[in-house]
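All residue numbers for the sequence shown refer to my numbering, where the first residue is 1 and numbers rise by one.
These are calculated hints, taken from the structure and not from any lab test. A hint or two may mislead.
[Claimed, not checked] Restricting the straight-line Cα-Cα distance to at most 20 Å, the calculated cross-link-like pairs of lysine to aspartate or glutamate (EDC-like) are:
| hint | residue 1 | residue 2 |
| --- | --- | --- |
| 1 | 68 | 15 |
| 2 | 68 | 21 |
| 3 | 41 | 54 |
It should be emphasised that the depicted structure is a prediction, and the values quoted were computed from it without experimental measurement.
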Amino acid sequence: MLIIPMFPLSWLARERLIYYEHEITHGKQPTAFTLSVLDIKQPVVWNGDPEITEHWCLAHYLLDGHHKTFY
């Protein structure tokens, strides 16, 4: 899994990172809350018979649990 932060890592509370690192190394499996969006786009009309007629964009957003994923 690749996580691309939308803010500097220095904004994360260090004590929470340490807490979740301890929990995970001792067998706990904390949860995180995500949202996935599939956006399918295509032109209303097009000329000829193009090989590709639509574009799919699947995005996943981590809404809660960011401290738990940086272990």
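*Straight-line Cα separation of residue 68 and residue 21 no greater than 20 Å?*
8 Å, holds
*Can the restraint linking residue 41 and residue 54 be considered satisfied, given a maximum Cα separation of 20 Å?*
This hinted pair holds, its Cα atoms lying about 6 Å apart.
*residue 68 and residue 15: Cα distance at most 20 Å?*
With a Cα-Cα distance of about 12 Å, the restraint between residue 68 and residue 15 holds, given a limit of 20 Å.
Violated hints are absent here; each numbered hint is respected by the structure.
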